[in-house]
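Chemist: Sequence:
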Amino acid sequence: MSFAGGSILSIKIGFLFNHDSIHQISHTAPIISEIARMGGNVTVIASSRAQIEHLTKIMGDTSGVELVHIDIGRVAKAVDVLARQIIPFRRIASLRENLKLFSGFDALVVPETTSALLKSHFGLKQLKLIYLPHGAGDRSVGFRDVTRFFDLVLLPGAKTRDRMLERNLVRPDNHAVVGYPKFDIIDLADRKRFFDNDRPTVLYNPHFDPRLSSWWDMGLQVLEWFARQEQYNLIFAPHIMLFQKRFHTSVEHRKLRRRIDIPEKYRHLPHIRIDEGSSHSVDMSYTRSADIYLGDASSQVYEWIYHPRSCIFLNGHAARWQDNPDYAHWELGQVIDRVADLPAALEKARTLDEVFRTRQTRAFEQTFSLQPDRSSAQRAAEAIMSFLSSGSVARDLETV
Numbered sequence: 336m337s338f339a340g341g342s343i344l345s346i347k348i349g350f351l352f353n354h355d356s357i358h359q360i361s362h363t364a365p366i367i368s369e370i371a372r373m374g375g376n377v378t379v380i381a382s383s384r385a386q387i388e389h390l391t392k393i394m395g396d397t398s399g400v401e402l403v404h405i406d407i408g409r410v411a412k413a414v415d416v417l418a419r420q421i422i423p424f425r426r427i428a429s430l431r432e433n434l435k436l437f438s439g440f441d442a443l444v445v446p447e448t449t450s451a452l453l454k455s456h457f458g459l460k461q462l463k464l465i466y467l468p469h470g471a472g473d474r475s476v477g478f479r480d481v482t483r484f485f486d487l488v489l490l491p492g493a494k495t496r497d498r499m500l501e502r503n504l505v506r507p508d509n510h511a512v513v514g515y516p517k518f519d520i521i522d523l524a525d526r527k528r529f530f531d532n533d534r535p536t537v538l539y540n541p542h543f544d545p546r547l548s549s550w551w552d553m554g555l556q557v558l559e560w561f562a563r564q565e566q567y568n569l570i571f572a573p574h575i576m577l578f579q580k581r582f583h584t585s586v587e588h589r590k591l592r593r594r595i596d597i598p599e600k601y602r603h604l605p606h607i608r609i610d611e612g613s614s615h616s617v618d619m620s621y622t623r624s625a626d627i628y629l630g631d632a633s634s635q636v637y638e639w640i641y642h643p644r645s646c647i648f649l650n651g652h653a654a655r656w657q658d659n660p661d662y663a664h665w666e667l668g669q670v671i672d673r674v675a676d677l678p679a680a681l682e683k684a685r686t687l688d689e690v691f692r693t694r695q696t697r698a699f700e701q702t703f704s705l706q707p708d709r710s711s712a713q714r715a716a717e718a719i720m721s722f723l724s725s726g727s728v729a730r731d732l733e734t735v
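Residues in the sequence shown are numbered from 336 upward in steps of one, following this note's numbering.
Careful: at least some of the hints might be erroneous.
Derived lysine-lysine pairs resembling DSBU-like cross-links, with alpha carbons at most 35 Å apart [stated by the list, open to error]:
#: 1; residue 1: 463; residue 2: 392
#: 2; residue 1: 347; residue 2: 460
#: 3; residue 1: 463; residue 2: 412
#: 4; residue 1: 435; residue 2: 412
#: 5; residue 1: 392; residue 2: 460
#: 6; residue 1: 435; residue 2: 454
#: 7; residue 1: 590; residue 2: 463
#: 8; residue 1: 347; residue 2: 412
#: 9; residue 1: 454; residue 2: 392
#: 10; residue 1: 600; residue 2: 527
#: 11; residue 1: 435; residue 2: 392
#: 12; residue 1: 412; residue 2: 580
#: 13; residue 1: 435; residue 2: 600
#: 14; residue 1: 454; residue 2: 412
#: 15; residue 1: 347; residue 2: 435
#: 16; residue 1: 460; residue 2: 435
#: 17; residue 1: 527; residue 2: 412
#: 18; residue 1: 392; residue 2: 580
#: 19; residue 1: 580; residue 2: 600
What the hints contain is simulated information worked out from the structure, not anything from laboratory work.
Starting from the given sequences, assemble the full structure and let the hints guide the process.
Modeler: Take a look at the structure:
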């Protein structure tokens with residue numbers, strides 16, 4: 336691929352990972368490898384050593400990439416001890432205290448929206464911000480006005496593109512559909528075995544959002560039911576952020592809740608596996624291995640349906656979900672309002688309903704634009720370099 340702006344070596348690109356955990360890394364790490372292979376000038380900036388270690392594990396060879404660890408000062412760290420329970424203070428402080436570093440780049444590629452503060456509040460108007468959402472879910476938080484601060488938005492498929500265009504969050508000339516780079520580094524056929532029996536395995540994957548998650552009002556009932564029965568295995572692997580904080584705040588839904596801990600009695604049962612946030616929670620190990628999905632609002636359900644299988648959704652907040660795009664994924668399986676309805680739902684879920692199979696297949700195709708001859712990372716890298724060198728995105732990249 337040729338670039339109108341001359342040598343790609345003259346374009347300095349930063350990939351920023353500024354979060355409390357590692358779950359966003361696999362979404363853009365494959366793009367780093369691709370741009371480095373193309374000869375691009377790439378620097379990775381991470382706000383924790385754990386993120387750098389996870390990135391290195393994914394990429395393997397990082398010899399062509401500069402790795403930079405950023406930190407915040409002692410005063411900010413002291414404030415963060417309390418403030419992080421309400422707002423992502425450390426993430427904001429990491430941006431504010433490293434402005435000089437960020438100003439040295441032509442572009443910054445990010446998998447989250449807090450980085451928009453660099454333009455909206457911290458004065459880096461010339462820096463090109465490139466956004467690739469981590470995940471392909473339906474929650475309204477993924478379709479906020481903050482998206483308009485990004486110069487280029489890379490999207491997984493037609494579903495997200497059409498919704499963002501409808502809300503004027505992206506323009507025809509500042510986005511590209513590139514697929515899902517995370518799939519590039521996952522062997523979707525690899526199914527790990529986590530139990531030494533042949534029972535069907537259920538993956539319970541509650542979200543952390545204090546309004547949308549089933550964990551607070553239904554989670555312990557779910558664990559208790561599985562503890563007492565002998566028909567199913569259970570993998571309890573919530574969104575990796577659920578156990579990162581004691582309190583969870585939803586600014587969007589104006590709700591604050593204290594996290595519920597897991598009683599010790601559930602941790603040592605042979606048919607229950609509890610994972611509060613290992614790498615298995617973010618590398619699709621569980622979504623590849625389980626037989627039935629039990630969840631609420633996590634975008635992981637779209638990774639789950641790469642291979643159509645039964646889903647059950649817990650409506651723990653009396654949502655009016657029908658015909659609501661924020662709950663489009665609930666059309667892919669059964670929706671129950673009480674844990675008392677779980678046994679019957681599980682029995683029905685042993686065989687995937689053909690209606691749900693059809694819906695899941697269609698939803699996967701609408702959610703992820705995948706091409707047999709080009710990886711998603713390659714498409715994303717080409718979109719980035721095309722945009723930075725010529726100011727526009729080659730439209731052939733958007734074939735869906």
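Chemist: Holds or violated: are the alpha carbons of residue 435 and residue 454 at most 35 Å from each other?
Modeler: Judged against 35 Å, a Cα distance of about 14 Å means the pair holds.
Chemist: Is residue 347 within 35 Å of residue 435, Cα to Cα?
Modeler: holds, 14 Å
Chemist: Regarding the pair residue 580 and residue 600, is the alpha-carbon distance no greater than 35 Å?
Modeler: Satisfied, since the Cα-Cα distance of roughly 22 Å is no more than 35 Å.
Chemist: Does the structure keep residue 392 and residue 460 at a Cα separation of 35 Å or less?
Modeler: holds, 34 Å
Chemist: Next pair to validate is residue 347 with residue 460; report whether the Cα-Cα distance is within 35 Å.
Modeler: holds, 16 Å
Chemist: For the pair supplied as a hint, residue 590 and residue 463, is the alpha-carbon distance within the 35 Å limit?
Modeler: holds, 33 Å
Chemist: Are residue 463 and residue 412 close enough, with their CA atoms no more than 35 Å apart?
Modeler: Roughly 28 Å separates the two Cα atoms, so the pair holds.
Chemist: Given the hint that residue 463 pairs with residue 392, does the C-alpha gap stay at or below 35 Å?
Modeler: holds, 28 Å
Chemist: So if I understand the rule, the pair passes when the alpha-carbon distance is 35 Å or less; does residue 412 with residue 580 pass?
Modeler: Holds, at roughly 16 Å.
Chemist: Taking only the CA atoms, is the gap from residue 347 to residue 412 under or equal to 35 Å?
Modeler: Holds, at roughly 30 Å.
Chemist: Has the given pair, residue 600 with residue 527, been kept, meaning a C-alpha gap of at most 35 Å?
Modeler: This hinted pair holds, its Cα atoms lying about 25 Å apart.
Chemist: Given the hint that residue 527 pairs with residue 412, test it: the Cα-Cα distance must not exceed 35 Å.
Modeler: violated, 39 Å
The structure does not agree with the numbered hints 13 and 17 stated previously, though it agrees with the rest.
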